[in-house]
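In order, the protein sequences belong to chains A, B and C. For the first sequence, numbering that gives the first Met the number 0 gives the first residue as 0, with consecutive numbering after it. For the second sequence, numbering that gives the first Met the number 0 gives the first residue as 0, with consecutive numbering after it. For the third sequence, numbering that gives the first Met the number 0 gives the first residue as 0, with consecutive numbering after it.
Quick caveat, the hints were computed from the structure, so don't treat them as lab data. Hints are not guaranteed to be accurate.
Said to hold, decoys possible - In silico SDA-like pairs for lysine to any residue, Cα to Cα no more than 20 angstroms straight-line: (1) K129/B x K159/A; (2) K132/C x R161/A; (3) K159/A x A110/C; (4) K159/A x T109/C; (5) K130/C x V256/A; (6) K129/B x V256/A; (7) K53/C x A90/C; (8) K129/B x G239/B; (9) K129/B x L269/A; (10) K186/B x A92/A; (11) K130/C x L156/A; (12) K129/B x T270/A; (13) K132/C x S127/A; (14) K159/A x K53/C; (15) K130/C x L263/A; (16) K132/C x G163/A; (17) K130/C x R83/A; (18) K159/A x K130/C; (19) K159/A x T112/C; (20) K53/C x A174/A; (21) K130/C x R161/A; (22) K159/A x P83/C; (23) K129/B x T160/A.
Unchecked claim - Computed Cβ-Cβ distance ranges for the label pairs, DEER-style: (24) T80/A x L13/B: 39 to 49 angstroms; (25) V21/B x G113/A: 50 to 60 angstroms; (26) G1/A x E78/B: 25 to 35 angstroms; (27) P104/B x A174/A: 51 to 61 angstroms; (28) S179/B x T80/A: 55 to 65 angstroms; (29) E196/B x K53/C: 49 to 59 angstroms.
From the three backbone atoms N, C-alpha and C, an ideal C-beta is built for every residue, glycine too.
This is what each chain is made of:
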Amino acid sequence: MGALLQDVMSGLAAGSIYGALALALVFVFRSTGVVNFAQGEMAMISTYISLSFYNLGVPLLAAVVLSMACSFLIGITVERTLIRPVAGRTAHAASIVTVGLFLAANGIAGYVWGVEPRGFPSLFSRESVGLGGARIAVADLGALAVLVVLVFLLFLLFEKTRVGLMMRAAASQPASARMAGAPVSNLLMSGWGISAAVGAVAGALIAPAVFVSPGMMGPVFIYALAAAALGGLSSPLGAVLGGWIIGVAEAVIAPRVDFIGSQLAILIPLTIIFLVLLLRPAGLLGVQEVKRV
Amino acid sequence: MKALRSHGAKLAALVLVLVLAVVPFYETPYNNNQITLIFIFAMAILGLNLLAGYTGQLSVAQSLLLGIGGYTAAILVTEIEMPHLLTIPAAGFVAMFFGWLIAMPVLRLQGFYLMVVTLALVFVLSPVVKEFPSVTGGPEGLLIDAPEGVGTLATDQYVYLVALAVGVLLFALAARLVNSAHGPAMKAVRDNEVVAEAIGIKTTRTKTGAFLFASAFAGVAGSLYVQVIGYVSPDSFGIGLGLALFAGAFIGGIGTIAGALIGATFVQVVPLLAGRTDASLTGVIYGTAVIVSIMAFPEGLAGLGATVNKRLRKRSTGTSPTVSPDPPTAPAATPTTSISSSRNETR
Amino acid sequence: MNVLEVDDLSGGYSATPVLRGLTFSIPEGGVVALLGPNGAGKTTTLRALTGGLKRTSGRMSFGGEDLASIRPEGAARLGIAHVPEGRGTLADLTVEENLRVGGYLLGRGTALTEKLDVCFGYFPILHERRKQKAGHLSGGEQQMLAISRALMLQPRLMLLDEPSLGLAPKITQRLFETLGVINKEQETAMLLVEQNASLALDLASRAFVLESGSVVLGGDASDIRDDEELRRAYLGY
């Protein structure tokens with residue numbers, strides 16, 4: 000029982016990290032209608048920026064916050080210079096550009112910071128607390144708490160504020176939003192900025208576990224995609240639930256099923272992506288698109 | 000592909016093949032192997048072009064299928080000592096079979112969902128291969144003996160010429176395919192699936208067919224890859240190669256057959272050049288090239304001429320709209336004057 | 000006093016001109032119908048007024064302000080609201096959210112809620128469905144929503160593109176009656192593009208018939224409506 004609880008908790012913690020990156024994906028998708036394949040790589044760059052501030056002597060928390068600000072600027076620059084020029088070209092042009100950005104960001108990080116993995120300090124203490132016979136790491140609880148706060152803030156932004164409403168409007172029908180006098184281009188730009196900042200948080204959460212390197216986000220990004228797909232690409236809450244489901248599924252199943260050693264654990268998110276996209280393409284909480292021809 | 004229809008382009012292709020056929024007799028084995036790799040990547044990109052460029056199904060899983068082909072060939076050679084030449088079609092068929100398994104479920108997905116799933120699939124090969132070391136050699140991979148040269152041909156020259164011949168075959172096959180009735184059907188699926196379905200095109204069959212071709216091409220390329228490199232390992236066919244091939248397809252020109260060769264050259268040559276200063280520059284150059292090619296040349300480098308031409312024409316008409324009474328392309332929103340003129344007659 | 004003046008306007012989407020020397024005007028608070036066959040340039044005229052067209056010559060002015068370099072966002076700020084053909088409602092947003100989007104320029108204050116009540120007053124069904132996604136509304140309700148969303152701007156001029164498109168005759172009838180009420184109570188001028196000429200002529204005070212991008216007939220709506228010969232020649236009924 001204790002072992003199971005422990006696995007569930009570490010699954011929730013890992014799932015929170017997937018969920019945080021999935022949130023960034025959802026934010027871009029919801030505010031601009033693009034799947035940003037470079038989201039993981041942008042988060043990786045953000046993590047390097049956090050680390051650089053930290054190495055300059057800035058306290059860790061402040062370093063992450065500074066990196067969030069830088070990431071916001073990077074996000075809006077990416078939207079303005081790379082995404083906007085192809086917006087409205089073909090349906091997938093923007094997504095293909097983000098694949099290009101994936102490759103470029105990866106190379107830039109390697110060029111600037113080198114490919115050797117570097118350590119990253121944890122935002123939380125390394126202690127653990129006892130809970131019902133299980134030892135639960137404080138860092139795990141911290142990751143969980145950060146994600147809950149993040150999703151709550153994003154939920155408020157989207158559902159309860161005017162800016163959030165206009166962001167949703169600008170994403171689904173820019174022409175209509177424009178006719179209502181909304182500054183659509185600024186809204187789209189902020190969407191990319193905010194999601195890049197969210198990605199910086201995800202990066203800071205995962206970095207202590209995987210070390211910082213240009214390839215650090217590869218598998219995490221797949222898990223995040225799975226989480227976003229599972230929850231429905233347009234639902235922040237869904238992204239978080241999706242992250243938790245995948246994290247817990249992996250942590251609970253992998254040690255209990257012989258066939259799925261740690262090598263094949265990646266099959267778990269993959270299977271989930273497959274099943275969800277085939278059975279319910281809109282995800283668990285996503286809204287089925289109203290299609291008209 | 001329209002290009003190959005004209006006699007001039009056919010002649011150019013023939014001259015290119017003849018020149019390429021002579022090259023291995025004058026080049027070093029190292030260079031021959033490098034050019035052979037270009038041919039191999041060109042086959043994989045060509046397959047991707049049929050799938051993504053013509054049929055509009057964006058897949059980044061081409062490296063997975065290349066890997067399946069590579070492992071098939073390596074296993075057949077080491078386990079049952081199959082002659083290298085025979086592994087080429089065998090790898091093609093095995094990759095096609097896996098392609099079929101993948102296509103059945105995933106081609107129901109649209110656009111970036113397809114990209115998401117194929118991206119995830121790429122990550123499966125390595126752990127699965129490592130899980131079955133008795134067949135696949137596990138993390139260490141498999142070493143295979145290079146094919147022996149034939150007659151006076153050295154190994155590198157022999158493999159080069161085999162790859163060239165197979166490449167010509169696949170390019171001819173692709174050209175035939177897109178110039179047949181299937182070509183327009185594929186493009187119709189790409190441009191609007193609902194409309195394609197409505198005009199009687201079997202969209203599922205068209206998409207699956209394109210996926211099978213793409214898989215088979217990648218599988219064939221994979222078997223040749225093993226013959227050049229002499230080695231397969233679980234990490235040879237990861238996301239890096241998958242995205243590089245995807246990038247190559249767009250850089251060379253998605254939806255053009257000649258573009259595959261240009262894209263493949265890019266995929267093979269850039270890492271070599273970048274490696275002289277910093278290997279990381281490879282990604283920077285790939286990424287920048289993809290972005291630039293999407294933004295500036297929607298038809299890729301192979302369509303460069305056409306794009307530039309179009310721009311120049313646009314500029315000349317754009318500045319003096321009244322000079323050109325009959326512009327080359329009428330926008331969709333141009334009023335249909337037929338109705339009002341018939342009205343005028345009845346008046 | 001005219002709220003809108005269009006003088007000798009020519010332009011199109013690329014090099015091909017769609018509008019050729021178009022001239023007409025809309026009096027303050029008046030309803031003007033823009034009639035004519037498909038492809039005569041009616042929708043293009045509406046787009047021109049919200050900045051969606053390449054103008055080659057001519058003038059447009061709105062309330063004395065030059066519209067030469069108008070952009071869609073700017074049009075809304077000036078008080079021009081566009082109800083596009085196909086309605087352009089935001090399918091994933093609820094009815095109320097759609098209206099709030101429409102009222103973006105009103106800010107956060109009480110003006111917004113007041114305006115919401117005005118819209119719900121004209122179309123009570125929207126109040127009933129205010130929590131539903133716009134994509135789930137019927138065609139008629141979507142059209143009401145599109146008109147209400149435009150109304151949220153408190154526009155001086157409303158551009159209506161084929162409001163009757165795809166609607167049952169009975170619903171269209173009611174919709175046009177409400178448009179008449181809105182025009183009187185809100186003093187909103189309207190430029191109405193409509194295939195259903197008889198319906199449009201009932202609502203409008205003036206009408207212009209377009210052919211190939213220029214006005215071939217203009218005058219009081221009632222004059223055109225009552226002159227069978229004109230009707231048959233220009234409107235085909």
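Results of checking the hints against the structure:
A threshold of 20 angstroms between alpha carbons decides the hint, and for K129/B with K159/A the separation of about 49 angstroms lies outside it, so the pair is violated. As the CA atoms of K132/C and R161/A are separated by approximately 18 angstroms, the hinted pair is consistent with the 20 angstroms bound. Among the hinted pairs, K159/A with A110/C is consistent with the structure: their alpha-carbon atoms are about 18 angstroms apart, no more than 20 angstroms. Of the pairs offered as hints, the one joining K159/A and T109/C holds, with about 17 angstroms between alpha carbons and a cut-off of 20 angstroms not exceeded.
At roughly 46 angstroms between alpha-carbon atoms, K130/C and V256/A are farther apart than 20 angstroms, so this suggested pair is violated. A C-alpha spacing of about 17 angstroms is found between K129/B and V256/A, which places the hinted pair at or below 20 angstroms, so the restraint holds. Between K53/C and A90/C the CA atoms are separated by roughly 30 angstroms; this puts the pair beyond 20 angstroms, and the hint is violated. Among the hinted pairs, K129/B with G239/B is consistent with the structure: their alpha-carbon atoms are about 18 angstroms apart, no more than 20 angstroms.
Between K129/B and L269/A the alpha-carbon distance is near 17 angstroms, which keeps this suggested pair within the 20 angstroms criterion. A distance of roughly 17 angstroms separates the Cα atoms of K186/B and A92/A; the hinted pair therefore holds under the 20 angstroms criterion. Our distance criterion of 20 angstroms between C-alpha atoms is met by K130/C and L156/A, whose separation comes to about 19 angstroms. A C-alpha spacing of about 19 angstroms is found between K129/B and T270/A, which places the hinted pair at or below 20 angstroms, so the restraint holds.
Between K132/C and S127/A the CA atoms are separated by roughly 46 angstroms; this puts the pair beyond 20 angstroms, and the hint is violated. For the hint linking K159/A to K53/C, the alpha-carbon distance of about 39 angstroms lies beyond 20 angstroms, and the restraint is violated. Between K130/C and L263/A the alpha-carbon distance is near 45 angstroms, which puts this suggested pair outside the 20 angstroms criterion. For the suggested pair K132/C and G163/A, the alpha carbons sit about 17 angstroms apart, so the restraint of at most 20 angstroms is met.
Taking the CA atoms of K130/C and R83/A, the gap is near 33 angstroms; set against the 20 angstroms cutoff, the hint is violated. Taking the CA atoms of K159/A and K130/C, the gap is about 14 angstroms. The hint holds against a cut of 20 angstroms. For the proposed pair K159/A and T112/C, the alpha carbon gap of about 15 angstroms is at most 20 angstroms, so the pair holds. At most 20 angstroms may separate the alpha-carbon atoms for a hinted pair to count; K53/C and A174/A meet this at roughly 17 angstroms.
Between K130/C and R161/A, the direct Cα distance comes to roughly 17 angstroms. Compliance with the 20 angstroms bound is thereby established for this hinted pair. At roughly 28 angstroms between alpha-carbon atoms, K159/A and P83/C are farther apart than 20 angstroms, so this suggested pair is violated. With a C-alpha separation of about 50 angstroms, the suggested pairing of K129/B with T160/A is violated against the 20 angstroms cut-off. With their beta carbons about 43 angstroms apart, T80/A and L13/B fall inside the hinted range of 39 to 49 angstroms.
Our hint of 50 to 60 angstroms for V21/B and G113/A is violated, since their Cβ atoms are close to 43 angstroms apart. The supplied range of 25 to 35 angstroms is broken by G1/A and E78/B, whose beta-carbon atoms lie about 47 angstroms from each other. For the hinted restraint 51 to 61 angstroms between P104/B and A174/A, the CB-CB distance of approximately 35 angstroms leaves it violated. About 42 angstroms separates the C-beta atoms of S179/B and T80/A, a value inconsistent with the hinted range of 55 to 65 angstroms.
A beta carbon spacing of about 36 angstroms between E196/B and K53/C contradicts the range 49 to 59 angstroms that was offered as a hint.
Violated hints, listed in ascending order, are 1, 5, 7, 13, 14, 15, 17, 22, 23, 25, 26, 27, 28, 29; each of the other numbered hints is respected by the structure.
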